[in-house]
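Student: Residues per chain are reported as follows:
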Amino acid sequence: MWLELRDVARFFGTRKAVDGLSFRLAEGSIGCLLGPSGCGKTTALRCIAGFEPVDRGEIQAHGRVLSTPDFLAPPESRRIGMVFQDYALFPHLTVLQNVAFGLHRLPQPARIKRAQDMLATVGLAEHGSHYPHQLSGGQQQRVALARALAPEPELVLLDEPFSSLDVELRERLGMEVRTVLNGLNATALLVTHDQQEAFAVADMVGVMNDGRLEQWGSPYELYHRPATRFVADFIGQGVFIAGEVVGAGAFQSELGLMHAGGRADWAKGSRVDLLLRPDDVIHDDASQLRAEVCQRVFRGADFLYTLKLQSGARLLSLVPSHHDHEVGERIGIRIEPDHVVAFERQ
Amino acid sequence: MSRSSESSRSRRLWRSPGLGVVFALLVCLPALVPLVVIVGAAISPQAEVWAHLAQYVLPEVVANTVKLVIGVALIGGTLGTSLAWLTAMCEFPGRRFFDWALLLPLAIPAYVLAFVAVGFLDYAGPLQAWLRDIFGTSSWFPRIRSTGGTILVLSLAFYPYVYLMARSAFLTQGRRALEAAQMLGHSRQAAAWRVAIPLARPWIVAGIALIVMETLADFGAVSVFNYNTFTTAIYRAWFGMFSVSAALQLAGVLLLFVLLAFALERRSRTAAHFSSSRDLSREAPRLRLQPLARYSAVCFVALVFVLAFALPILQLLFWVFTRAMSDLDARYLGFVARSVVLSLSAAVVIVAASVLLAYILRRRPTTLTRSVIRVAMIGYAVPGTVLAVGILVPVILLNNFLQEQLRSWFGAAAPALLLQGTLLTVLIAYLARFLAVGFNPIESGLQRVTHSIDEAAAGLGVVGGALLRKVHVPLLRTSLATAATLVFVDVMKEMPITLITRPFGWDTLAVRVFEMTSEGEWERAALPAVAIVLVGLVPAAMLTRRGAHVA
Numbered sequence: 001m002w003l004e005l006r007d008v009a010r011f012f013g014t015r016k017a018v019d020g021l022s023f024r025l026a027e028g029s030i031g032c033l034l035g036p037s038g039c040g041k042t043t044a045l046r047c048i049a050g051f052e053p054v055d056r057g058e059i060q061a062h063g064r065v066l067s068t069p070d071f072l073a074p075p076e077s078r079r080i081g082m083v084f085q086d087y088a089l090f091p092h093l094t095v096l097q098n099v100a101f102g103l104h105r106l107p108q109p110a111r112i113k114r115a116q117d118m119l120a121t122v123g124l125a126e127h128g129s130h131y132p133h134q135l136s137g138g139q140q141q142r143v144a145l146a147r148a149l150a151p152e153p154e155l156v157l158l159d160e161p162f163s164s165l166d167v168e169l170r171e172r173l174g175m176e177v178r179t180v181l182n183g184l185n186a187t188a189l190l191v192t193h194d195q196q197e198a199f200a201v202a203d204m205v206g207v208m209n210d211g212r213l214e215q216w217g218s219p220y221e222l223y224h225r226p227a228t229r230f231v232a233d234f235i236g237q238g239v240f241i242a243g244e245v246v247g248a249g250a251f252q253s254e255l256g257l258m259h260a261g262g263r264a265d266w267a268k269g270s271r272v273d274l275l276l277r278p279d280d281v282i283h284d285d286a287s288q289l290r291a292e293v294c295q296r297v298f299r300g301a302d303f304l305y306t307l308k309l310q311s312g313a314r315l316l317s318l319v320p321s322h323h324d325h326e327v328g329e330r331i332g333i334r335i336e337p338d339h340v341v342a343f344e345r346q
Numbered sequence: 347m348s349r350s351s352e353s354s355r356s357r358r359l360w361r362s363p364g365l366g367v368v369f370a371l372l373v374c375l376p377a378l379v380p381l382v383v384i385v386g387a388a389i390s391p392q393a394e395v396w397a398h399l400a401q402y403v404l405p406e407v408v409a410n411t412v413k414l415v416i417g418v419a420l421i422g423g424t425l426g427t428s429l430a431w432l433t434a435m436c437e438f439p440g441r442r443f444f445d446w447a448l449l450l451p452l453a454i455p456a457y458v459l460a461f462v463a464v465g466f467l468d469y470a471g472p473l474q475a476w477l478r479d480i481f482g483t484s485s486w487f488p489r490i491r492s493t494g495g496t497i498l499v500l501s502l503a504f505y506p507y508v509y510l511m512a513r514s515a516f517l518t519q520g521r522r523a524l525e526a527a528q529m530l531g532h533s534r535q536a537a538a539w540r541v542a543i544p545l546a547r548p549w550i551v552a553g554i555a556l557i558v559m560e561t562l563a564d565f566g567a568v569s570v571f572n573y574n575t576f577t578t579a580i581y582r583a584w585f586g587m588f589s590v591s592a593a594l595q596l597a598g599v600l601l602l603f604v605l606l607a608f609a610l611e612r613r614s615r616t617a618a619h620f621s622s623s624r625d626l627s628r629e630a631p632r633l634r635l636q637p638l639a640r641y642s643a644v645c646f647v648a649l650v651f652v653l654a655f656a657l658p659i660l661q662l663l664f665w666v667f668t669r670a671m672s673d674l675d676a677r678y679l680g681f682v683a684r685s686v687v688l689s690l691s692a693a694v695v696i697v698a699a700s701v702l703l704a705y706i707l708r709r710r711p712t713t714l715t716r717s718v719i720r721v722a723m724i725g726y727a728v729p730g731t732v733l734a735v736g737i738l739v740p741v742i743l744l745n746n747f748l749q750e751q752l753r754s755w756f757g758a759a760a761p762a763l764l765l766q767g768t769l770l771t772v773l774i775a776y777l778a779r780f781l782a783v784g785f786n787p788i789e790s791g792l793q794r795v796t797h798s799i800d801e802a803a804a805g806l807g808v809v810g811g812a813l814l815r816k817v818h819v820p821l822l823r824t825s826l827a828t829a830a831t832l833v834f835v836d837v838m839k840e841m842p843i844t845l846i847t848r849p850f851g852w853d854t855l856a857v858r859v860f861e862m863t864s865e866g867e868w869e870r871a872a873l874p875a876v877a878i879v880l881v882g883l884v885p886a887a888m889l890t891r892r893g894a895h896v897a
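As they're listed, the protein sequences go chains P and E. Each residue of the first sequence is one higher than the one before, starting from 1 at the first, in my numbering. Each residue of the second sequence is one higher than the one before, starting from 347 at the first, in my numbering.
Keep in mind that the hints were calculated from the coordinates and are not lab data. Hints are not guaranteed to be accurate.
Stated by the list, open to error - Quick list of in silico lysine to any residue cross-link-like pairs, SDA-like style, CA-CA up to 25 angstroms:
1. 113/P - 127/P
2. 113/P - 536/E
3. 816/E - 798/E
4. 16/P - 633/E
5. 113/P - 130/P
6. 308/P - 320/P
7. 413/E - 428/E
8. 308/P - 330/P
9. 308/P - 292/P
10. 413/E - 487/E
11. 308/P - 244/P
12. 113/P - 540/E
13. 16/P - 437/E
14. 816/E - 705/E
15. 16/P - 631/E
Bear in mind the structure is a predicted one, so any value in this text is a computation, not a measurement.
Next comes chain P alone, as it looks inside the complex (with noise of 0.2 angstroms):
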């Protein structure tokens, strides 16, 4: 295992930061930390790189102990390269020196052909005699990452690296950075809250809240099975209807009988609320179920209706544009059983 945290916690005064953080990141892949801003993502990116200690629990990385409450080995020897999110390149050096600084163990002749190879992959081969802030913000931040990894760390940390692009670099380099990153095999985790951008380039995403982690798994995992209320609601779309709990994964509610993952300990009859995503109400003419369309979005290759049921319940559909359907129709509906998720009612 390349990097494992064992119930991580991070103290400042009375406020827990990070409070008993743990996941393991597999040699070769992407991970990325998830959450809204304050919900203690960079302070654990922070413990990983060594700029802040534990309080309690262990950060290990390739069998090597990183971080104990007793121990902290210094950030310069954990072999963690670091993109930050201002990028934080050196103003005064040119790019190729920026990239060469971290390579000051090599000799010279090595130093300038391996920075070079780096910027090379990132595709700024021609910018090396060029200053930092003579190159855009997309190029510096491809300049921070050809830096991080030139010394061929063990783990890259990416601090909200997308997060001073706009939207459109932001898509495309997320993309990129997956590129190289899995070109020269390099295990990197990113902290992020944009779960686009988490869902790009991530292999494995951890939700985080308040300092926990809320769930450690795939992205398909995250957005079709949710773990917890928190996750459901802040990654993606997606209505609650009430349900009622009928056997063991069997619910009843307006929308009639389904079944959908959740606890299996609850008892008949409890009341719980079913998360149903746009893409799990699938628009079908021959459907009995009837919803009146409220509100329309045409994104392109879809509608995204906002249906009302007869209860007044609101729910999202899902459904390819040449489904035009003016506000005020009523359209028939289907739910996609296999990806409904109940959440006990609060």
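Take the given structure of chain P and dock chain E to it, following the hints.
Tutor: Okay, now just chain E, sitting in the frame of chain P:
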């Protein structure tokens, strides 16, 4: 019909591209004339004047000035950089206090610090008297009126320029850069030397350039030390030898030095246009020092603060309360009143000129207008003695020319003109020197009033005078106040221009300090000096408040 065509013609005239430059030139004239005069004199040297200067004046003056500049740049630069490093990057007891307190020496003009140091440390001063009481002799005590003493005192007076620049460099990107270097396998110490200091270099160099300009311009402090530099040589050439051409030649050489430092400062500032950390709230924590290092840091910082601010202030107040209280009379009020009148008038004139220039630049931001204004701003870097001579020479020429004309018209009945001895001349000289002080805050204030704000107001039916009254004035109020305050304080502290150009009998606080110190009457110089320091605390407080936002 005819009226509308007339108004459209006048509007077209106002829109003609050359007019902005003409207006800008007119406003900047007082600042441009002395530069032209001095540069003109420097490029047309007079052989016999040069022969005299080269033999009797230049060897000492050049050697002294070079020694002084190098010494103050080295010591002041080292002091400023190391203090900035400690307060911006490290954590030690009292850091928050020293963070702003180290800027306070800006409130004490160099000539005040100089006479307090000499009065305190000289043979007749309290320290040596005390030493004699204990040891019987104080002959081993180093002389304060020496090259070393002058360098030390000026370094203590001027280090805040480097401190201010280096501090903002360290605060905005220092700690983040250290972390980045650590992630690349460098220890903290190595990272400090390899990254943080080189990164701040443009700021440090710009600060040192400011120190060099201040040192070159200093007249009051070196006079106290009887240390001959270019400024004192110009003063003596003007008043002692009554040699206008000698003063002009010396001024030309000094201007050359100043322009070199000025160019260095400009270049470093452009190099300092680095991107800086955008999110200061995520700035890395400060370095924790080992106990020994921590206590040395506290001692060092406290020592500088005591020597550059606390001790001089205490000594000043002591003199005021023991000896100088008897001077607190109608004459003293006269010094105060004249200082205030001059400073206020200068503030009004310079703020008005700055507003005009800022609006001209806003309406017609042509390259030519911009360069005219930029050249006019150089006045702030030019030593007061140089400017005073550069203003007086053309004024005297003009005066003599007008006098001739009057004589030819009225004969013996012609009234005697003395333009060089009027307040107008003083104000023109102040304008030349301090235009930049007023212009910079007003221009940056006006830049915040974007053209889309004007357009938004126009869209709501507010144009012309109403636009100025309802939008521009409220938005510019702080900038105007800042500009006026800065000019007021700078003129209060100003010594050589006032000394050389003032009308007969117009003794100000600074002039009084000069007169008392040139007679070695340190105690009696204390009372006017305290007033100047009190006024000087205002911009220092403004700076520290702005500094608090950065921190």
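Student: With a cut-off of 25 angstroms on the C-alpha distance, tell me whether residue 308/P and residue 320/P pass.
Tutor: This hinted pair holds, its Cα atoms lying about 19 angstroms apart.
Student: If you draw a straight line from the CA of residue 413/E to the CA of residue 428/E, is it 25 angstroms or shorter?
Tutor: 22 angstroms, holds
Student: Between residue 113/P and residue 127/P, does the CA-CA distance stay at or below 25 angstroms?
Tutor: Answer holds: residue 113/P to residue 127/P is near 15 angstroms, not above 25 angstroms.
Student: Assess, step by step, whether the Cα of residue 308/P is no farther than 25 angstroms from the Cα of residue 330/P, and give holds or violated.
Tutor: Holds, because 9 angstroms separates the two Cα atoms, which is no more than 25 angstroms.
Student: Within a Cα-Cα threshold of 25 angstroms, do residue 816/E and residue 798/E meet the stated pairing?
Tutor: 15 angstroms, holds
Student: With a cut-off of 25 angstroms on the C-alpha distance, tell me whether residue 16/P and residue 633/E pass.
Tutor: Cα-Cα ~23 angstroms, so holds.
Student: Would you mind confirming whether the straight-line C-alpha gap from residue 816/E to residue 705/E stays at or under 25 angstroms?
Tutor: Given pair residue 816/E, residue 705/E holds - Cα atoms ~17 angstroms apart, limit 25 angstroms.
Student: Can you confirm whether the C-alpha distance between residue 413/E and residue 487/E stays at or below 25 angstroms?
Tutor: OK: residue 413/E and residue 487/E at ~22 angstroms, within 25 angstroms.
Student: Does the alpha-carbon distance linking residue 113/P and residue 130/P stay inside the 25 angstroms limit?
Tutor: It holds: about 17 angstroms lies between the C-alpha atoms, which stays within 25 angstroms.
Student: Hint check: residue 308/P vs residue 292/P, CA-CA at most 25 angstroms. Holds or violated?
Tutor: 5 angstroms, holds
Student: Hey, residue 16/P versus residue 437/E, does the alpha-carbon distance stay inside 25 angstroms?
Tutor: OK: residue 16/P and residue 437/E at ~24 angstroms, within 25 angstroms.
Student: Need the status of pair residue 308/P, residue 244/P: alpha-carbon distance at most 25 angstroms?
Tutor: This hinted pair holds, its Cα atoms lying about 20 angstroms apart.
Of the numbered hints listed earlier, not one is contradicted by the structure.
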